[in-house]
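Peer 1: Start from chain A and add chain B according to the hints.
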Amino acid sequence: GAVVSQHPSWVICKSGTSVKIECRSLDFQATTMFWYRQFPKQSLMLMATSNEGSKATYEQGVEKDKFLINHASLTLSTLTVTSAHPEDSSFYICSATGTYYEQYFGPGTRLTVT
Amino acid sequence: GQQLNQSPQSMFIQEGEDVSMNCTSSSIFNTWLWYKQDPGEGPVLLIALYKAGELTSNGRLTAQFGITRKDSFLNISASIPSDVGIYFCAGHLGIQGAQKLVFGQGTRLTINP
Numbered sequence: 001g002a003v004v005s006q007h008p009s010w011v012i013c014k015s016g017t018s019v020k021i022e023c024r025s026l027d028f029q030a031t032t033m034f035w036y037r038q039f040p041k042q043s044l045m046l047m048a049t050s051n052e053g054s055k056a057t058y059e060q061g062v063e064k065d066k067f068l069i070n071h072a073s074l075t076l077s078t079l080t081v082t083s084a085h086p087e088d089s090s091f092y093i094c095s096a097t098g099t100y101y102e103q104y105f106g107p108g109t110r111l112t113v114t
Numbered sequence: 001g002q003q004l005n006q007s008p009q010s011m012f013i014q015e016g017e018d019v020s021m022n023c024t025s026s027s028i029f030n031t032w033l034w035y036k037q038d039p040g041e042g043p044v045l046l047i048a049l050y051k052a053g054e055l056t057s058n059g060r061l062t063a064q065f066g067i068t069r070k071d072s073f074l075n076i077s078a079s080i081p082s083d084v085g086i087y088f089c090a091g092h093l094g095i096q097g098a099q100k101l102v103f104g105q106g107t108r109l110t111i112n113p
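In order, the protein sequence lines correspond to chains A and B.
Quick note on numbering: the working numbering labels position 79 of the first sequence as 79, and the sequence is numbered without any gaps.
Quick note on numbering: the working numbering labels position 73 of the second sequence as 73, and the sequence is numbered without any gaps.
Treat the hints with caution; some may be incorrect.
In the SDA-like style, the derived pairs of lysine to any residue whose C-alpha atoms are separated by at most 20 Å in a straight line are [stated by the list, open to error]: (1) Lys41/A <-> Lys51/B; (2) Lys100/B <-> Lys20/A; (3) Lys100/B <-> Thr49/A; (4) Lys51/B <-> Gln38/A; (5) Lys66/A <-> Gln29/A; (6) Lys100/B <-> Asn51/A; (7) Lys14/A <-> Ser7/B; (8) Lys70/B <-> Lys41/A; (9) Lys100/B <-> Thr99/A; (10) Lys100/B <-> Asn70/A; (11) Lys66/A <-> Thr78/A; (12) Lys41/A <-> Ser7/B; (13) Lys41/A <-> Leu55/B; (14) Lys20/A <-> Ser83/A; (15) Lys41/A <-> Met11/B; (16) Lys51/B <-> Gly98/A; (17) Lys100/B <-> Glu52/A; (18) Lys100/B <-> Leu76/A; (19) Lys64/A <-> Val44/B; (20) Lys100/B <-> Thr78/A; (21) Lys100/B <-> Ser83/A; (22) Lys100/B <-> Gly98/A; (23) Lys20/A <-> Thr49/A; (24) Lys100/B <-> Val62/A; (25) Lys64/A <-> Arg108/B; (26) Lys55/A <-> Lys100/B; (27) Lys51/B <-> Thr99/A; (28) Lys41/A <-> Val44/B; (29) Lys100/B <-> Gln38/A.
Please keep in mind that the hints were generated in silico from the structure rather than gathered at the bench.
Chain B extracted, bound-state conformation:
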């Protein structure tokens, strides 16, 4: 079945540092999504990418849809304490009838003040 390999699994950084995480797949996806989940909460959509090569920003967050459609990365600049949480990538085939998202294993971000 389709799988997303997300790395790193965990990150321990100092406040103010930049963060980079990525997802790769053996399959092609037509939509890439990045979510953040805080403890005890549901995931929140951060960025949605719909086009190969697309680079999209949301404040300090920047994500790119890989040109091969098999990968995506998320960067966070100048990290702050509220960035702590688990980040998930998710891919979608982008076709009717195939509605499921495929999720990465998550990247747990910890920030030392």
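Okay, chain A solo, but in the shape it has when bound:
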């Protein structure tokens, strides 16, 4: 149980285009989902907390107009990187909260902006 999927697993896009990443909880309902960014050899950096049916809460320094988050249902949250630039290239990981505050992570999405 507690499986989280992400799609796509990797994406290459051109500078200036937008990319959408999906995060799904496959076998449980997730009221809260999280989006992280991870740079090589570093820990996870929380970007935003996403609650179903309400606006996401962004961490300090994360541009909410650039990283659009939608949590439309209890099993789906999406992250859209708008007008992507090479500096947005990174590993993006989502997670969903279980019963007792533990988080279950998706497999991650590798974004490369050329």
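Peer 2: Same frame as chain A, now just chain B:
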């Protein structure tokens, strides 16, 4: 802000050896979690601890929630090649409205066959 100090940052061991890593904090947490991350993958939850003093095992892994609620350790016994990866500790306040996890910097485990 809250921080978790995880040590060691890296370990180089021989296959079959036992491994020990720990996390400490200046703040109290009500939940401690240990994750393992393989290259190019998301972290996988290994052990969750919810009670001060709790000692929990998952196969060859054993983790403890410190009695002060400010620390936790993870032990791996008789290491095998598939144990290679990065291990993260994470703490949670365990209260509604404070949903974020605080992560340690990670321990990178390398095993020589």
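Peer 1: Run every hint past the structure and note whether it holds.
Peer 2: Hint by hint, here is what the structure shows:
For the suggested pair Lys41/A and Lys51/B, the alpha carbons sit about 31 Å apart, so the restraint of at most 20 Å is broken. The suggested pairing of Lys100/B with Lys20/A is violated, with an alpha-carbon distance near 23 Å, which exceeds 20 Å. With a CA separation close to 8 Å, the supplied pair Lys100/B and Thr49/A stays within the 20 Å bound. Restraint check: the Cα-Cα separation between Lys51/B and Gln38/A comes to about 30 Å, which exceeds 20 Å; the hinted pair is violated.
This hinted pair does not check out: Lys66/A and Gln29/A have alpha carbons roughly 27 Å apart, beyond 20 Å. A hinted pair counts as satisfied when its Cα atoms are at most 20 Å apart, and Lys100/B with Asn51/A qualifies at roughly 12 Å. At most 20 Å may separate the alpha-carbon atoms for a hinted pair to count; Lys14/A and Ser7/B exceed this at roughly 39 Å. Taken as a hint, the Lys70/B and Lys41/A pair is broken in the structure, with Cα atoms around 25 Å apart against an allowance of 20 Å.
A threshold of 20 Å between alpha carbons decides the hint, and for Lys100/B with Thr99/A the separation of about 14 Å falls inside it, so the pair holds. Proximity of Lys100/B to Asn70/A is assessed by CA-CA distance (about 18 Å); at most 20 Å being required, the pair is judged to hold. For the proposed pair Lys66/A and Thr78/A, the alpha carbon gap of about 13 Å is at most 20 Å, so the pair holds. Among the hinted pairs, Lys41/A with Ser7/B is consistent with the structure: their alpha-carbon atoms are about 15 Å apart, no more than 20 Å.
Restraint check for Lys41/A and Leu55/B: not satisfied, since their Cα atoms lie roughly 29 Å apart, outside the 20 Å limit. With a CA separation close to 11 Å, the supplied pair Lys20/A and Ser83/A stays within the 20 Å bound. Annotation: proposed proximity of Lys41/A to Met11/B holds, straight-line Cα distance about 14 Å (limit 20 Å). Distance restraint check for Lys51/B and Gly98/A: the Cα-Cα separation of roughly 17 Å lies within the 20 Å cut-off, and the hinted pair is therefore satisfied.
Restraint check: the Cα-Cα separation between Lys100/B and Glu52/A comes to about 16 Å, which is no more than 20 Å; the hinted pair holds. Note on Lys100/B and Leu76/A: the hinted pairing holds, with a Cα-Cα distance of about 19 Å set against a maximum of 20 Å. A hinted pair counts as satisfied when its Cα atoms are at most 20 Å apart, and Lys64/A with Val44/B does not qualify at roughly 28 Å. Pair hint Lys100/B plus Thr78/A holds up; C-alpha atoms about 19 Å apart against a cutoff of 20 Å.
Note on Lys100/B and Ser83/A: the hinted pairing is violated, with a Cα-Cα distance of about 28 Å set against a maximum of 20 Å. The hinted pair formed by Lys100/B and Gly98/A meets the criterion: a straight-line CA distance of about 13 Å does not exceed 20 Å. Proximity of Lys20/A to Thr49/A is assessed by CA-CA distance (about 17 Å); at most 20 Å being required, the pair is judged to hold. With a CA separation close to 16 Å, the supplied pair Lys100/B and Val62/A stays within the 20 Å bound.
Restraint check: the Cα-Cα separation between Lys64/A and Arg108/B comes to about 32 Å, which exceeds 20 Å; the hinted pair is violated. Simply put, Lys55/A and Lys100/B have alpha-carbon atoms about 16 Å apart, close enough for the 20 Å limit, and the pair holds. A hinted pair counts as satisfied when its Cα atoms are at most 20 Å apart, and Lys51/B with Thr99/A qualifies at roughly 15 Å. Between Lys41/A and Val44/B the CA atoms are separated by roughly 17 Å; this keeps the pair inside 20 Å, and the hint holds.
For the hint pairing Lys100/B with Gln38/A, the CA-to-CA distance comes to about 16 Å; that is within 20 Å, so the pair holds.
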